[in-house]
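J.: Okay, here's what each chain looks like letter by letter:
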Amino acid sequence: MGDSGDVGRLVIPGDSLGEIGERRAGHGVLRRNGELIVTRLGHLQEKAGELSVHPVHTTYTPRPGDLIVGYVEGMRSNIWFIDIGGPFNAILPMSLAAGKVDFGATREYMNVGSAVLCRVQEVDENHGAVVTMKGMGLRKLNSGFVDRVPPHLLSRVVGVEGRMLKSIKEASDCRMVVGQNGRIWIEGDASGTRLARAALSVIRESGHRPDLESRVSGILEA
Amino acid sequence: MGGYGDVQMLNEDGTRMDGRRPDELRKIEIEVGVVPVADGSARVKWGSNIAIAAVYGPMEAHPRKISRQDRCVLDVRYNMAPFSVTDRIRPGFNRRSREISKVTANALESVVQLELYPRSKIRVEIEIMCAEAGTRCVGLTAASVALADAGIPMTDMVVSVASGKVNGVVILDLNKEEDNYGDADLPMGILPNTGELVFLQMDGDLSPEDFQKAWDYNMGAASEIHEIMVAALAARYGGDD
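Going line by line, the protein sequences match chains A and B.
Residue 151 in numbering that gives the first Met the number 0 is what sits at position 152 of the first sequence, and the numbering runs on without skipping anything.
Residue 127 in numbering that gives the first Met the number 0 is what sits at position 128 of the second sequence, and the numbering runs on without skipping anything.
The set of hints was computed from the structure by calculation and includes no laboratory data.
Hints are supplied without guarantee of correctness; some may be wrong.
Unchecked claim - Some chain A residues judged to face chain B by a derived CB distance under 7 angstroms, without partners named: (1) L9; (2) I11; (3) P12; (4) G13; (5) T38; (6) R39; (7) L40; (8) P54; (9) V55; (10) H56; (11) T57; (12) T58; (13) P86; (14) F87; (15) N88; (16) H207.
The C-beta atom is built at its ideal place from N, Cα and C for all residues, glycine as well.
All chains should be modelled from the sequences, with the hints used to inform the complete structure.
T.: Here it is as structure tokens:
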């Protein structure tokens, strides 16, 4: 195992990729007893001597600068706790809210369950993230619908040079914002929202298939 | 166990009551992705056993006191549905389900790379829909496939299978009658790629020779079950395409 013929093959945790040799262990691959061992379910990739796994399922890991859709999970007098869809909640300090918020009035501004379009400002070594609403277009989401697509399929939602997203937007006549955490905000009339959600549902189900584009266009043109 | 030694459960030709050879598994079917809202899920049909495992997370650990600064916490819950057995089981946790939840968590902790998600939690829910002996093995196998489906980093899969002893003969994968009226039961959790052991319990008595034979049966069956797990994951995610 482990030659270039294996690239693209589905690998399972625990699979051996053979002796390390000149190769390096990338994402989802581990060195153990002189061998490369797969640690995640996904498709094998090789790039410049580095073997890695393109996983079939991932959790969102926040990175500074990511545009995300979060939900308010709780608050104190000067801070909100935001569910960003990852292993850890983020904090949104009162000072980074979109407008002026008085100390103790966080609940009046955004209550538990509010959806918010925000950006990751920083992530510390403990995976603690701070998000901000200071920036163009960042706001509390008062209308529309938030749908979910696994983060590893976001590149399929956007498509090559944004073509897939553009075609969904045009066919459904909806405004859409794709959060890096896999949450997608859709705003439009009921039939348009339904169409956009149907397209996202196809991506969720068939995102790993090569004929995804034709499946989505089939939904959009129906 | 051990109190019904006079019940004859082997045919004269050495086969068992359900027609299996002593070293033959029941029919196993695995389906991946059966709970759409979960991050990963699997249904295992093993003889008449049916187990569904669903995995959620990694997520923020609640309540906070269970979180660990250096690693993730596996929150495993094994539960039998009230209708899973002929006598209705009272819903909710009991002593047996707590024990199985704990040993399942211990077995899975040895393969999941917990250190990658400090302060967080992975929720593993195992629901037994139909029970016919060996549900802890079925539950652990289902949980292992569900964890892989959820994309949780693991150093290996966990395969669980039991052997036992009936009428003085060591047999693989006991059914309900053999489990109830047999002499011993040896469930094991095995890492199929390395042959390491992550879970072992024993009920009843086995001589060293019988133990060795039961061990060999389990080890042999582990690779067979692993192939079924791999085929199930490949069927879901398109294999080589």
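J.: For the hint on L40 (chain A), does the least C-beta distance to chain B fall short of 7 angstroms?
T.: Holds, about 5 angstroms.
J.: Can H207 (chain A) be said to touch chain B, with a Cβ gap under 7 angstroms?
T.: Since the shortest Cβ distance to chain B is 6 angstroms, the answer is holds.
J.: Per the CB criterion, is H56 (chain A) less than 7 angstroms away from chain B?
T.: holds (3 angstroms)
J.: Is the hint on T38 (chain A) kept, meaning its closest Cβ partner in chain B is under 7 angstroms away?
T.: holds (4 angstroms)
J.: Double-check P86 (chain A) for me: the hint is only fine if its C-beta lies closer than 7 angstroms to a C-beta in chain B.
T.: Check passed: Cβ of P86 (chain A) comes within 4 angstroms of chain B, closer than 7 angstroms.
J.: Against chain B, run the beta carbon of F87 (chain A) and see if the smallest gap drops under 7 angstroms.
T.: holds (6 angstroms)
J.: For the restraint on N88 (chain A), tell me whether the closest CB of chain B is nearer than 7 angstroms.
T.: Check passed: Cβ of N88 (chain A) comes within 5 angstroms of chain B, closer than 7 angstroms.
J.: Answer holds if the nearest beta-carbon of chain B is closer than 7 angstroms to that of G13 (chain A); otherwise answer violated.
T.: holds (3 angstroms)
J.: Do the numbers back the hint for T57 (chain A), that is, is its least Cβ distance to chain B under 7 angstroms?
T.: At about 5 angstroms, which falls below the 7 angstroms cut-off, the nearest Cβ of chain B leaves the hint on T57 (chain A) intact, so it holds.
J.: Does P54 (chain A) pass the interface hint, meaning its C-beta sits closer than 7 angstroms to a C-beta of chain B?
T.: Nearest chain B Cβ about 5 angstroms off; hint holds.
J.: Tell me if the interface restraint on P12 (chain A) is satisfied: Cβ within less than 7 angstroms of some Cβ in chain B.
T.: Because about 4 angstroms separates P12 (chain A) from the closest Cβ in chain B, which is inside the 7 angstroms limit, the hint holds.
J.: Holds or violated: is the Cβ of L9 (chain A) closer than 7 angstroms to a Cβ in chain B?
T.: holds (5 angstroms)
Figure legend: structure checked against the earlier numbered hints; every hint is met.
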